[in-house]
Amino acid sequence: MLFRRHSNPGFRFVILLVLSGCLMFYDQKKQQSEHLHSALSAVVAPLQYAISMPFELLAWAQDSFSTHQQLLQENADLKAKLLLQQAQIQKILELEKENRQLRALLKSSSYLGSNVKVAQILAVDVDPYMAQAVIDKGKKYGVFEGQPVIDADGVMGQVIQVGPLTSRVMLITDTRSAVPVQDERTGIRAIAIGTGPQRPLALINVPETADIKVGDRLLTSGLDLRYPVGYPLGIVKSVNFHSGQLFATIAIQPAANLNQSRQVLLMWLPAQAVYSEAKQDLEKMAKEKQETDKNPLPPMSE
Amino acid sequence: MSRHHYNTPYGLIFISLFVALLLEVLPMPVWSQWFRPDWVALVVLYWVLTLPERISVGVAWIIGLVLDGLNGTLLGEHALALTVIAFLMSKWHRQVKNFPVWQSALVIGILITIYKVLIWAIQGLIGQPPNSYAYLFSILTSMLLWPWVQAVLTVRQTRVPLRTP
Chain A
4 MLFRRHSNPG FRFVILLVLS GCLMFYDQKK QQSEHLHSAL SAVVAPLQYA ISMPFELLAW
64 AQDSFSTHQQ LLQENADLKA KLLLQQAQIQ KILELEKENR QLRALLKSSS YLGSNVKVAQ
124 ILAVDVDPYM AQAVIDKGKK YGVFEGQPVI DADGVMGQVI QVGPLTSRVM LITDTRSAVP
184 VQDERTGIRA IAIGTGPQRP LALINVPETA DIKVGDRLLT SGLDLRYPVG YPLGIVKSVN
244 FHSGQLFATI AIQPAANLNQ SRQVLLMWLP AQAVYSEAKQ DLEKMAKEKQ ETDKNPLPPM
304 SE
Chain B
788 MSRHHYNTPY GLIFISLFVA LLLEVLPMPV WSQWFRPDWV ALVVLYWVLT LPERISVGVA
848 WIIGLVLDGL NGTLLGEHAL ALTVIAFLMS KWHRQVKNFP VWQSALVIGI LITIYKVLIW
908 AIQGLIGQPP NSYAYLFSIL TSMLLWPWVQ AVLTVRQTRV PLRTP
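These protein sequences, in sequence, are chains A and B.
Our numbering puts the first residue of the first sequence at 4, with every later residue one more than the last.
Our numbering puts the first residue of the second sequence at 788, with every later residue one more than the last.
Just to be clear, a hint being listed does not mean it is correct.
[Stated by the list, open to error] Here are some chain B residues pointing at chain A (derived, C-beta under 10 Å):
1) 811
2) 854
3) 870
4) 882
5) 915
Quick caveat, the hints were computed from the structure, so don't treat them as lab data.
Each residue gets a CB set at the ideal place from its N, CA and C atoms; glycine is no exception.
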């Protein structure tokens, strides 16, 4: 073994360089490299499960060694919480019914319920400059690219890669992520982009005159036909105006527990309903704009 | 040169690379994530230095591709960077083998810097460069860990006396 002919790696080196170059170029054209990513994710899935398992075991051990007293306490707490939330749901059901009736009056399609499944985030890290997570559900469960992922408190991100056993989720803090949102208080629409993991999101292209204040809740507007309508994205943390700049600098604290959540929800939206809803919104916006264009100075209301 | 060589089983090479890949994705506290050493690069460089005729650019490329899969980066990105430093190490291995440990750690530092800068450049080209200079911290931690990686992997190999041909 030691006295094998020492081959010069120079030739192979050049070949491999060209090969990686081609691979990267090919991968840039996302649509075609789908199967490559899928195959590679099947290769690394055992690694990811192997590293994630001890952490899940630890959590399981913690659960199974908790005392009877603790369990009773937790049970009582959960029962109280359930009661409270059931009371709230009663109200929501009533509101939903009312909403449906109103929509029927307006002749607009009603927003159908969506299908939701629970997924587990695997305990694996990725490069610290990328806000991503790996979940334990893949193609088998019907996960698809662009699928919205939420947790109990808000929107987490969307699926960007689907493998046979695992999928990769891009969190809303990723620099590639953009979520169309709407201010809950004033209804102003804007786009929230990620600025990197552990950093607040930024609201872009918001003019100085827009009515957005610190503490406003931002909800998804669903105009991207990807995220569900009306889920909390975050709370406005700071609003700064710089003289000489066209737009305000707005930082948003994400509502979802991006670092702590272990369990997340995968959503299957009735895409058609979302689409038609967004289309109606856009049409309404266009109509409003036409009207304001017609009479640039609307008469003062009494 | 000493009158013995190390008889390295393929199992050890495989296991060390596997463990390095695991360490690369091992969950760590948020504050320490920038300090994570580049385990895979360290182990690949070790094997290229120790067994340049067995472990070279080919293995580096394949391991780099797996790393791309783990990190969800552009396919071929880590593969390219690892291949480049493996190639440089295979060119320099005769000299580096005779260096004292602090000097070889310095060489490792230079190679890891090349590796990180290459990845930074590629990420920049596709418009997602690392958003912090803390990205370069791991060069230091990798250099500090190099003597230990070397020691652990060397001890695990069985010494056999060198037969003269």
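Quiz prompt | Violated hints - listed by number, lowest first | solution = 4
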